[in-house]
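Each chain, written out:
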Amino acid sequence: MAKATFRIWRGDSGGGELVEYPAEVSEGMVVLDAVHRIQAEAANDLAVRWNCKAGKCGSCSAEVNGQPRLMCMTRLSDLPLEQPVEIRPMKAFPPIRDLVTDVSHNFEAKKRIKKFKPRKPDAPDGTWRVDQADVDRVQEFRKCIECFLCQNVCHVLREHHLHEQFIGPRLLVYAAALEMHPLDTEDRLRDLKNAHGIGYCNITKCCTKVCPEGITITDNAIIPLKERVVDEFYDPLGKLFRAFRK
Amino acid sequence: MSDFPRFEYDVLVIGAGGAGLRAAIEASAAGARVGVVCKSLLGKAHTVMAEGGIAAALGNVDDRDGWRVHFADTMRGGQYVNQPRMAEIHAKEAPERVRELEAWGALFDRTPDGRILQRNFGGHRYPRLAHVGDRTGLELIRTLQDHGIHQGIRFHMEHTVTTLMLDGGRVAGAFGYEREKGRFLIFAAKAVVIATGGIGRAYSVTSNSWEYTGDGQTLAYDAGAELIDMEFVQFHPTGMVWPPSVRGILVTEGVRGEGGVLRNREGRRFMFDDIPENYRTQTADTEEEGWRYCQGDKNARRPPELLTRDHVARCIVREVKEGRGSPHGGVFLDISWIRERMPNSEEHIRRKLPSMYHQFKELAGIDITKEPMEVGPTTHYMMGGVRVDPESQMSNVPGLFAAGECAAGLHGANRLGGNSLSDLLVFGKLAGEHAARFARENGEARLDEAALAATAKDLLSPLDRQGQPSVEGPYAIQHDLQTMMQDLVGIVRRGPEMERALDELGKLSERATRVAAPGNREYNPGWHTALDLHNLLTVSQAITLSAIERKESRGAQFRDDFPDKDEAFGRINVSIRKGADGRMEVSREPVPELSPDQAAVIEEMK
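So the sequence lines, in the order shown, correspond to chains A and B. FYI, our numbering numbers position 200 of the first sequence as 410, with every residue one higher than the one before it. FYI, our numbering numbers position 387 of the second sequence as 1723, with every residue one higher than the one before it.
Hints may be right or wrong, so weigh each one.
[What the hints assert, rightly or not] Among the chain B residues that face chain A by a calculated CB cut under 7 Å, a handful are:
#1 Gly1379
#2 Val1384
#3 Met1385
#4 Glu1436
#5 Ile1485
#6 Gln1487
#7 Gly1488
#8 His1492
#9 Glu1514
#10 Lys1517
#11 Leu1521
#12 Pro1854
#13 Gly1862
[Claimed, not checked] Chain B residues, not near chain A, derived (Cβ > 12 Å throughout):
#14 Arg1400
#15 Tyr1416
#16 Arg1451
#17 Phe1491
#18 Ala1524
#19 Gly1584
#20 Arg1604
#21 Thr1622
#22 Gln1631
#23 Ala1787
#24 Lys1793
#25 Gly1809
#26 Pro1899
#27 Arg1913
#28 Glu1929
#29 Met1941
[Stated by the list, open to error] Once the Cα atoms are required to be at most 27 Å apart in a straight line, the calculated DSSO-like pairs of lysine-lysine come out as:
#30 A:Lys330 x B:Lys1942
#31 B:Lys1634 x A:Lys419
#32 B:Lys1942 x A:Lys419
#33 B:Lys1697 x B:Lys1634
#34 B:Lys1942 x B:Lys1634
Since the hints were derived computationally from the structure, they do not count as laboratory data. Where a beta carbon is used, it is the ideal one built from N, C-alpha and C, also for glycine.
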């Protein structure tokens, strides 16, 4: 069995450092397996979040050799093992302990987005008729596993710490899923413009690059929302048209 | 009064998977103050892993379906040791629970006329599973989560309950710790709903995450509740087997529902070789007929790959044992073959099974649209658990309710795929409703906080033992427990081996009294693992004792020394309780009689 070296950030909100652990690696192992092996053998108190180990729950987000990744979907065979593998917690969130960070901001921000409000049912039995094409369109957004890697790399949050002013890419995807939901009737455009700070996004597409679900966050979610906001609030012809219609 | 921070609720829900969230939503809607405690972050519970779909007799794809068929299928799948009233309520209420999800924002795949699409699954006579590709669980948990956060429910994420508190015989609240700082907390509650899921971590090959350590079953047992059916552990026939690090990760039954076939190394579809008598009339005679079934031909019968999970798992074990397995100790599951039958099959597979495609591509380097997968059984689901009243979901401990996987009764000896998500919703709702009512009708309970100082001290003992002589770490004990249960109380069981398992459990319990966790109280998984050992040991003992007691083979329980069904055991449930002396007691309880109506439905559907 081959050996590799792992340098894992150990610490808490007061600070920390990279600690080196050697570990045996075998065929097919992912980074999370190595972390578990180290936890079982050398550092029982090594803090890490995980659940499904199959890229479905979005718990084990971290920065592996500087790349934001799900540890359970990062195979060791894809990393240069002749040098140490460096594993750090997500930088955009306050550290709690070791690889675990405080992601509560994301849960708080979600509560501020207006909830789903369906139109009246289409059929007398209280059900709706929906075209598969309309389902497919929002499926892209609904498959988000809330790993928060997009929030982690968004410079508005990571570098500028504007968590209060800007909900970030994950929650813009959530808002897009609601806004483009075939049954939804709620209007979130004013909130998107003001409370949710959609204007802060300047489309660098860092979020799209790191999404483990391959959601085209910027092009398919954020830009269409931005366009709707612009149409609603900044289009003089549209404004005139609406004024006459009223 | 103690110094522990204290929260007060009418209803405390332990667990935030589908059942816990649904219970919390219902209790809150009934006007109760509701708190939810969960070990992970919100939305990460095992429900998220459910793939294939949610069973409900909507009749959208085949209008011959209805609650009677669903009820009869569930009873047949459970080999008639289910609690029949639960199976009836489940079959009747599941459609409404699915439609309600849609009103809360869930989006399922559609039929051509825009209704909810339903797919085939093992043991279901008609296409019955509402689904979204192969990520139905994510859709379900996210819908409940996003609905629930607007209902005034308080969520305590990354908290663990270690002890239920009683007032006389009645539940009074719970005691536990928050993982972040390791502080202890009191949750005073008039009613408690346990919705903690399964026990998969008692085995070494499992589809379950670190959370599934039998917490709810143990909390209830320690509080005096009765457990039943604990011998029935479902081994899902298709888990990944290669590479070793992914062994056990689930491969959805949806692959077979979409036409995937099982083959041994000789290329033979071995499932045709052994079709149980009670499914013979419902099973295809030829490969051709099986394919037509998967394509929606109403006159075709289902392929044998879609027989119940217990049977398919055993057939796979047989193939492997007799030397016809795949290179890494499984068999082949092939969906790529459908290219012979349909143009653009690759796109079809990626659309119907996106997360399976992704999972095999990323973790095993296999393209399932082009080549077969290697699969083998994995510990998946606990049919047994807390015995509850079918109408209210209350256990024999007043004020203590249970719903979802940690409760027992619906599935009997074997759960049908898709019946779990519907179970969560139907009985989660009932538990929430009745817990709120119980809280309303029975005021505050008295909490004995004085006793908690000793409990807290006990919980801290693994940390206090650091550095002492003859201690050992929690992971080694957990690992040895898992290996032992896998070897001695696994898919194929024998009396003498299980007697040995009891001895081993005794030794492991002794080792657990000397478990030491390094580090401090802050987010320390070693400490948490040490505390979970009590639960794993308790449920492992319950499984082993129950499996010894049932001297027959039925559903998920296969006894090599009693390979046949025994009618006498078909009339009992094995029951587990904590005796007055603290020892685990086993007894046999009669399965509730079928009502005349239920009996008539079963007869009619035969």
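How the hints compare with the structure:
1. Gly1379: holds (6 Å)
2. Val1384: Given a least distance of 5 Å, the restraint on Val1384 (chain B) holds.
3. Met1385: Holds - the Cβ of Met1385 (chain B) comes within 7 Å of chain A, reaching about 5 Å at its closest.
4. Glu1436: Where the cut-off is 7 Å and the nearest Cβ of chain A is about 9 Å from Glu1436 (chain B), the hint is violated.
5. Ile1485: holds (5 Å)
6. Gln1487: Status violated, d = 10 Å.
7. Gly1488: Given a least distance of 11 Å, the restraint on Gly1488 (chain B) is violated.
8. His1492: violated (12 Å)
9. Glu1514: violated (11 Å)
10. Lys1517: Status violated, d = 9 Å.
11. Leu1521: Status violated, d = 17 Å.
12. Pro1854: holds (5 Å)
13. Gly1862: Holds, about 3 Å.
14. Arg1400: Given a closest Cβ separation of 18 Å, the condition holds.
15. Tyr1416: holds (33 Å)
16. Arg1451: violated (7 Å)
17. Phe1491: violated (8 Å)
18. Ala1524: The claim holds: Ala1524 (chain B) sits with its nearest Cβ about 24 Å from chain A, beyond 12 Å.
19. Gly1584: violated (9 Å)
20. Arg1604: holds (28 Å)
21. Thr1622: Since the minimum Cβ distance to chain A is about 32 Å, Thr1622 (chain B) lies beyond 12 Å and the statement holds.
22. Gln1631: Holds: least Cβ distance 18 Å, greater than 12 Å.
23. Ala1787: holds (29 Å)
24. Lys1793: Answer for Lys1793 (chain B): holds, closest chain A Cβ roughly 20 Å.
25. Gly1809: Non-interface label fails for Gly1809 (chain B): nearest chain A Cβ at 5 Å, not farther than 12 Å.
26. Pro1899: holds (35 Å)
27. Arg1913: holds (32 Å)
28. Glu1929: holds (35 Å)
29. Met1941: Since the minimum Cβ distance to chain A is about 25 Å, Met1941 (chain B) lies beyond 12 Å and the statement holds.
30. A:Lys330 x B:Lys1942: violated (41 Å)
31. B:Lys1634 x A:Lys419: Answer violated: Lys1634 (chain B) to Lys419 (chain A) is near 45 Å, above 27 Å.
32. B:Lys1942 x A:Lys419: violated (55 Å)
33. B:Lys1697 x B:Lys1634: Measuring from Cα to Cα gives roughly 34 Å; hence the hint is violated.
34. B:Lys1942 x B:Lys1634: holds (18 Å)
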